[in-house]
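Protein chains: 2
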Amino acid sequence: MVSYPQNHTNLKNIIAVSIQRPEIIMAKDGKKNSDGKDVKKMLEDFGENLAQEVHRQKAPTFKTLSRTKSNIVYEKKLGYLTLGRATEERNFMNIGQTKRFMQTVAIATKCHKFLAENLHTSIRGLFYQLKFSLGEDVDENIFSEQSESNPLIEDLEASLGVKREDLNLNANRRGVLVGNMKVIDDYGGERTETDLSKTGRSGWAVPSDVDNDIEFVDVKAKYVLVVEKDAVWQRLNEDGFWKKENCILISPQGQAARGVRRIIRKLADKGLPVYVFNDADVWGWYIYWTIKTGSMNLAYVGADIATPEAKFLGVTLSDLEKYQFLKKMTLKATEVDLKRAQEMLGYEWINQHGEWVEELKKVLKLKVKLEQDTLQGPRLTFVGDYIREKIKNKDWLP
Amino acid sequence: MVSYPQNHTNLKNIIAVSIQRPEIIMAKDGKKNSDGKDVKKMLEDFGENLAQEVHRQKAPTFKTLSRTKSNIVYEKKLGYLTLGRATEERNFMNIGQTKRFMQTVAIATKCHKFLAENLHTSIRGLFYQLKFSLGEDVDENIFSEQSESNPLIEDLEASLGVKREDLNLNANRRGVLVGNMKVIDDYGGERTETDLSKTGRSGWAVPSDVDNDIEFVDVKAKYVLVVEKDAVWQRLNEDGFWKKENCILISPQGQAARGVRRIIRKLADKGLPVYVFNDADVWGWYIYWTIKTGSMNLAYVGADIATPEAKFLGVTLSDLEKYQFLKKMTLKATEVDLKRAQEMLGYEWINQHGEWVEELKKVLKLKVKLEQDTLQGPRLTFVGDYIREKIKNKDWLP
Numbered sequence: 543m544v545s546y547p548q549n550h551t552n553l554k555n556i557i558a559v560s561i562q563r564p565e566i567i568m569a570k571d572g573k574k575n576s577d578g579k580d581v582k583k584m585l586e587d588f589g590e591n592l593a594q595e596v597h598r599q600k601a602p603t604f605k606t607l608s609r610t611k612s613n614i615v616y617e618k619k620l621g622y623l624t625l626g627r628a629t630e631e632r633n634f635m636n637i638g639q640t641k642r643f644m645q646t647v648a649i650a651t652k653c654h655k656f657l658a659e660n661l662h663t664s665i666r667g668l669f670y671q672l673k674f675s676l677g678e679d680v681d682e683n684i685f686s687e688q689s690e691s692n693p694l695i696e697d698l699e700a701s702l703g704v705k706r707e708d709l710n711l712n713a714n715r716r717g718v719l720v721g722n723m724k725v726i727d728d729y730g731g732e733r734t735e736t737d738l739s740k741t742g743r744s745g746w747a748v749p750s751d752v753d754n755d756i757e758f759v760d761v762k763a764k765y766v767l768v769v770e771k772d773a774v775w776q777r778l779n780e781d782g783f784w785k786k787e788n789c790i791l792i793s794p795q796g797q798a799a800r801g802v803r804r805i806i807r808k809l810a811d812k813g814l815p816v817y818v819f820n821d822a823d824v825w826g827w828y829i830y831w832t833i834k835t836g837s838m839n840l841a842y843v844g845a846d847i848a849t850p851e852a853k854f855l856g857v858t859l860s861d862l863e864k865y866q867f868l869k870k871m872t873l874k875a876t877e878v879d880l881k882r883a884q885e886m887l888g889y890e891w892i893n894q895h896g897e898w899v900e901e902l903k904k905v906l907k908l909k910v911k912l913e914q915d916t917l918q919g920p921r922l923t924f925v926g927d928y929i930r931e932k933i934k935n936k937d938w939l940p
Numbered sequence: 543m544v545s546y547p548q549n550h551t552n553l554k555n556i557i558a559v560s561i562q563r564p565e566i567i568m569a570k571d572g573k574k575n576s577d578g579k580d581v582k583k584m585l586e587d588f589g590e591n592l593a594q595e596v597h598r599q600k601a602p603t604f605k606t607l608s609r610t611k612s613n614i615v616y617e618k619k620l621g622y623l624t625l626g627r628a629t630e631e632r633n634f635m636n637i638g639q640t641k642r643f644m645q646t647v648a649i650a651t652k653c654h655k656f657l658a659e660n661l662h663t664s665i666r667g668l669f670y671q672l673k674f675s676l677g678e679d680v681d682e683n684i685f686s687e688q689s690e691s692n693p694l695i696e697d698l699e700a701s702l703g704v705k706r707e708d709l710n711l712n713a714n715r716r717g718v719l720v721g722n723m724k725v726i727d728d729y730g731g732e733r734t735e736t737d738l739s740k741t742g743r744s745g746w747a748v749p750s751d752v753d754n755d756i757e758f759v760d761v762k763a764k765y766v767l768v769v770e771k772d773a774v775w776q777r778l779n780e781d782g783f784w785k786k787e788n789c790i791l792i793s794p795q796g797q798a799a800r801g802v803r804r805i806i807r808k809l810a811d812k813g814l815p816v817y818v819f820n821d822a823d824v825w826g827w828y829i830y831w832t833i834k835t836g837s838m839n840l841a842y843v844g845a846d847i848a849t850p851e852a853k854f855l856g857v858t859l860s861d862l863e864k865y866q867f868l869k870k871m872t873l874k875a876t877e878v879d880l881k882r883a884q885e886m887l888g889y890e891w892i893n894q895h896g897e898w899v900e901e902l903k904k905v906l907k908l909k910v911k912l913e914q915d916t917l918q919g920p921r922l923t924f925v926g927d928y929i930r931e932k933i934k935n936k937d938w939l940p
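Residue numbers (the working numbering), protein chains in the order written: chain B, 543 to 940; chain U, 543 to 940.
The following block holds chain B by itself, in its conformation from the complex (with noise of 0.2 angstroms):
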């Protein structure tokens, strides 16, 4: 018989929480992960699962996804960054792992609780909430520092195979669109219907979920076209680039959230070719090839935002051999950028592209970068004609 540790009875309570079924009369249909299983209901599997364990006087176990570098696998025909097949067992008997045990099991009840009053919050939310109390019977303040809840977050997304904001975590938003689609969400108990072609100067703030409760419909427009800059996107949108041109203009406005990542992957999957427009320095290639291949951290979501079959269209050190005038707009690389370039050369789903190679080792030659505000230059139009123009040439990197 095995025996447990002092804090059983936590546990025992909050999975009691954790696998109540509420009578609360949902407002829609369950949400679904991305292989259409029900959320709610996987959570409450997890809840009876641990229980049974509990009852028959076993150690309540669950497995997770290996979140570790090694287990950071990038499959060239797969194109992104994934997990592999390694696994790690959690274990309420293991001393080392019973308090995070609780905690993954608390986060598990909250999220279950969120979803079946229908309500969302950032994870900050879930920190205080958890601060407050993890259920009536338990007083124990196992949370003192948010830092200690993220990590499980994405133990219990790897295990159950979901995303955070299919269990109603708000990721932190940023980004815009504009563009010939519509999208019709249904949220706070309303559903709006909004033309994002007609969004004025503002466009379309793009938020955490793209995916529950949110349709995106109409969809005329032919490619998309990622810019790096807010301030680009705006002098792109005020010429009225993605009318003449029929594409659907996107700004992560600086590094790539997990919203725009994942609506870039979803209008791939409607069969638009996808163009990156970012500056020629450090932050340029990370934010395309965080688009392209996913990020390290987030490997374990991979399949969802990553678009490998996105281009990198500029701006490129090979742009001023074709635009005399960017030869006196170039600004010396810093030891970051060079650090950076270097780097790159080692990773395979970079190098292997013959023509990064070329451009890195030029960085590493001129020690130059060059921002894509240098095509306003001659005059602020000439944006949307370099665009165009590498579009028509095919001018761009893999």
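Quick caveat, the hints were computed from the structure, so don't treat them as lab data. Predicted, not measured: the structure shown is a model, and the values here were computed from it. Among these hints, one or two may not hold up.
Remember, identical chains collapse to one label, so a pair may be satisfied in a single copy or spanning two.
[To be verified] Lysine-lysine pairs mimicking DSS-like chemistry, simulated, CA-CA at most 27 angstroms apart:
| no. | residue 1 | residue 2 |
| --- | --- | --- |
| 1 | K673 | K909 |
| 2 | K740 | K762 |
| 3 | K874 | K673 |
| 4 | K740 | K785 |
| 5 | K870 | K673 |
| 6 | K869 | K641 |
| 7 | K574 | K740 |
| 8 | K934 | K864 |
| 9 | K724 | K611 |
| 10 | K869 | K673 |
| 11 | K870 | K934 |
| 12 | K724 | K785 |
| 13 | K907 | K881 |
| 14 | K936 | K764 |
| 15 | K869 | K904 |
| 16 | K904 | K673 |
| 17 | K724 | K740 |
| 18 | K936 | K786 |
| 19 | K907 | K673 |
Got chain B; can you put chain U on it based on the hints?
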């Protein structure tokens, strides 16, 4: 007779460009500043005055308001930071000013062109235009860093009494809004009308310029609620808080950009009370006071962007006594929080309010801070209840 420095040919050529009145057909009436003056005409007069001085062989000069600390004043009657009456003269004949004088005229020339073309850009776009060329007969490259052009843009704004948005220069935008009002946006050759109560989970992205070619109509809301964090804004939006309370719900998404400050001012001008709901920490206070009294570095546009009528709803350390559960939700105040609280006690626009002195002394005594997200602890919808109660009881800080 004045002996000109070598640069005078360049200056004359730059001025010649700035006073051109190109025969471009404007799509709409000329842009006006907040006093109703035509901005393009102001730039032409600016150039013509200089040209006449050159013609009369006098030293070209212009006056601007001094933006040094000694000329930044707080007037209790007005309730915001503004510039005093001290002026500074810029003189082309002063060798130490010659280059900057030419640069300022070059900036005026470019902005005049943007207004004539009816196109906008960012200050980065302006910088690259200046680097590209200063005019047909000027081959000198007088700009090497953007940091050189920024203070000169301010010189021009303060000299002419215009905002950079009136010069077709976009400032960085950030911030989101939802509520019962409509926006009519005449942009990029198209006129769109958006009902801001039909913007779903996204809300309306507040643009850089909320004055020119844009109108806010059917403002049916009764007050404005500003919420520091986007995550908390999303929480309240999902609850339909703004519908139930009939308010305009704005998040600056951190520090308030010029566009957000300006739209708050405009809504206050329509008679709507303004309430601000922030963290009780260094950032929360800073964001509040920037909205209310403006900031040192934007004192030259203080009247346009400050809202002295604003009230601070919370969170406050007095809340700890009213809401028992908050006691376990506090965080340790950092050195920065404490230092700032001490500094704030020294500002006349803050320490004139006994309630703020009390609050800040509490911070220094208890050495804790409190986040607005904590109000999601008991239940996610508690945030809205808290705000309702605060407003009902007029329980705010001035």
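(Q) Of all the hints numbered above, which does this structure not satisfy? Sort the numbers upward. (A) 9
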